[in-house]
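Peer 1: Here are the chains, one letter per residue:
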Amino acid sequence: MDGTERLFERMVHEHQDRVFALGLALTGNRHDAEEVAQDTFLKAYRALVTYAPDRIRELKQKAWLHRIALNVVRNRVRGVRPHLVELNGSEPDHALGTEDGALLKLELDALAVRVARLPPRYREAVVLRHVQELSYQEAADALGQPVGTVKANVHRGLKLLRGDDYDDSDN
Amino acid sequence: MTTLTTDLKRLGEVKAPAGFADRLLAHVGMADSYARFDTVLGAVYVAWNRQGVSAASRAASAAEFEAWFRKDVGRQLVAADAPKDLATKIEDELQGRRRMRFDLRGLTPFEQAVLRKTREIPRGEVRPYGWVAREIGRPAAVRAVGTALANNPIPYFIPCHRVVRTDGQIGNYGGGGPEAKRSILTMEGVRLKRLEELARSGVRYQGVKTTKVFCYPTCHTGRHALEKNIVWLHDEASARAAGFRPCKVCRPAAVA
Chain A
1474 MDGTERLFER MVHEHQDRVF ALGLALTGNR HDAEEVAQDT FLKAYRALVT YAPDRIRELK
1534 QKAWLHRIAL NVVRNRVRGV RPHLVELNGS EPDHALGTED GALLKLELDA LAVRVARLPP
1594 RYREAVVLRH VQELSYQEAA DALGQPVGTV KANVHRGLKL LRGDDYDDSD N
Chain B
280 MTTLTTDLKR LGEVKAPAGF ADRLLAHVGM ADSYARFDTV LGAVYVAWNR QGVSAASRAA
340 SAAEFEAWFR KDVGRQLVAA DAPKDLATKI EDELQGRRRM RFDLRGLTPF EQAVLRKTRE
400 IPRGEVRPYG WVAREIGRPA AVRAVGTALA NNPIPYFIPC HRVVRTDGQI GNYGGGGPEA
460 KRSILTMEGV RLKRLEELAR SGVRYQGVKT TKVFCYPTCH TGRHALEKNI VWLHDEASAR
520 AAGFRPCKVC RPAAVA
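Protein sequence lines, in the order shown, are assigned to chains A and B. Note that the first sequence covers residues 1474 to 1644 in our numbering. Note that the second sequence covers residues 280 to 535 in our numbering.
Everything labelled a hint here was simulated from the structure, so no lab data went into it. Values in this document were obtained by computation on a predicted structure and should not be read as measured data. From the three backbone atoms N, C-alpha and C, an ideal C-beta is built for every residue, glycine too. Warning: the hint list may mix true and false statements.
[Said to hold, decoys possible] Okay, derived cross-link-like pairs now, DSSO-like style, lysine-lysine, Cα gap no bigger than 27 angstroms in a straight line: (1) A:Lys1535 with B:Lys363; (2) A:Lys1516 with B:Lys363; (3) B:Lys288 with A:Lys1578; (4) B:Lys288 with A:Lys1624; (5) A:Lys1578 with B:Lys294; (6) B:Lys294 with A:Lys1533; (7) B:Lys294 with A:Lys1535; (8) A:Lys1516 with B:Lys294; (9) B:Lys288 with A:Lys1533.
[As the list claims (entries may be wrong)] Not the full set, but computed from the structure, chain B residues with beta-carbon under 10 angstroms of chain A: (10) Thr284; (11) Ala300; (12) Leu303; (13) Glu515; (14) Ala516.
Working from the sequences, and respecting the hints, build out all of it.
Peer 2: Structure follows, in structure tokens:
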């Protein structure tokens, strides 16, 4: 196994949860999230093997993977609304067996569906800032937008998301 | 009461599904996948990657197969669902009908040459270790050929069971001992009893009087010769002295 492959293996282990979470928040269901995560890492791998060693060393992995994942989601859902499915958790749950865990997961999935139904520009901004917890600067870099635009989109996105069941105290 | 932003933060803490990284590494070809197949030989564990089939074994359990693979092949291994057509391909290959691709990376060039040559031996026939050594241009490396075949990572598919001792004895077998070797050869249509009788009486080759050609006893070109036209030959020199030339198909001796 050469250096690039070792680096890629580390990258997968280090960032798989983050990329999967990004996919879940952007698509609203775990099946699509896994596809997004897989496509993201496949694209990353195909790019890595063509990169010169210098470029690989200087790579900001987190930001780079976020950009790839955003593009993967944009390309796959272009013109298609996110699926509005599995609100009642019809998918089998391997990771969590307890009732508490199942409940938590249901709530999270329901929230992911609501986030995924936001208009794309708000959705991406909210997810990068509050799900992935990037700084405004990092989110702006990943989106290729000015910081002010991102801030405005995050604000509007949160406002849309905030339904009756949330108090208005944060922000 | 939770606020929206803390909920969103929790959404960012979900974990990727179990086995995600392994499946991904298998997908890009950095790990091999494996599954258990029911074949004519019984249950066989087969590993594959994007280069082709990389290992096979009649291991007793998945755990045993995984341990053997990691130790012998030295790559990651992931249990997987087999691609739709793989079971059919495996069955066809074991029946001698198809040529699959194999991944022999990680073996020395010598080992690869031995295994590639071994694949040329047709079903239902056998060749001596010395034949493989001579055919790959290393006539003195007979024992090394034996070692390379004993370490064959893909037995059954790369038919190392079709290589037998020069004196006609069946010889040992890495894919499950001499008994397994006998049963696989019998299944493929080799008449072992006859072969061993010939070997015991010192016969190496079968000559056909009408064509003046001598072959290995299992060579398919000599199968239809009439019994009265067959002569049994003990070595190359006496065969040539009697006016026979080596068969160009099974090549029992260097063809001039």
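Peer 1: Can the restraint linking lysine 294 of chain B and lysine 1533 of chain A be considered satisfied, given a maximum Cα separation of 27 angstroms?
Peer 2: holds, 22 angstroms
Peer 1: Quick check on alanine 300 of chain B please, does its C-beta sit within 10 angstroms of some C-beta on chain A?
Peer 2: Status holds, d = 5 angstroms.
Peer 1: For the pair supplied as a hint, lysine 1516 of chain A and lysine 363 of chain B, is the alpha-carbon distance within the 27 angstroms limit?
Peer 2: holds, 25 angstroms
Peer 1: With the threshold set at 27 angstroms, check whether the alpha-carbon distance from lysine 1578 of chain A to lysine 294 of chain B stays at or below it.
Peer 2: Roughly 11 angstroms separates the two Cα atoms, so the pair holds.
Peer 1: Within 27 angstroms, alpha carbon to alpha carbon, are lysine 288 of chain B and lysine 1578 of chain A?
Peer 2: Cα-Cα ~14 angstroms, so holds.
Peer 1: Holds or violated: the hint that glutamate 515 of chain B contacts chain A, with Cβ atoms closer than 10 angstroms.
Peer 2: At 47 angstroms from the nearest chain A Cβ, glutamate 515 of chain B fails the 10 angstroms test, so the hint is violated.
Peer 1: Does lysine 1624 of chain A lie within 27 angstroms of lysine 288 of chain B when you go C-alpha to C-alpha?
Peer 2: With a Cα-Cα distance of about 17 angstroms, the restraint between lysine 288 of chain B and lysine 1624 of chain A holds, given a limit of 27 angstroms.
Peer 1: Need the status of pair lysine 294 of chain B, lysine 1535 of chain A: alpha-carbon distance at most 27 angstroms?
Peer 2: holds, 16 angstroms
Peer 1: Could you grab the alpha-carbon distance between lysine 1516 of chain A and lysine 294 of chain B and see if it respects the 27 angstroms cut-off?
Peer 2: With Cα atoms ~21 angstroms apart, lysine 1516 of chain A and lysine 294 of chain B stay inside 27 angstroms; holds.
Peer 1: Would you settle whether the hint for threonine 284 of chain B is holds or violated, based on the nearest Cβ-Cβ distance to chain A being less than 10 angstroms?
Peer 2: holds, 5 angstroms
Peer 1: Answer holds if the nearest beta-carbon of chain A is closer than 10 angstroms to that of leucine 303 of chain B; otherwise answer violated.
Peer 2: Leucine 303 of chain B check passes; min Cβ-Cβ to chain A is 5 angstroms, inside 10 angstroms.
Peer 1: Compare the distance between the alpha carbons of lysine 1535 of chain A and lysine 363 of chain B with 27 angstroms, and conclude whether the hinted pair is satisfied.
Peer 2: Roughly 36 angstroms between the alpha carbons, so the hint for lysine 1535 of chain A and lysine 363 of chain B is violated.
Hints 1, 13, 14 from the earlier list are contradicted by this structure; the remaining hints agree with it.
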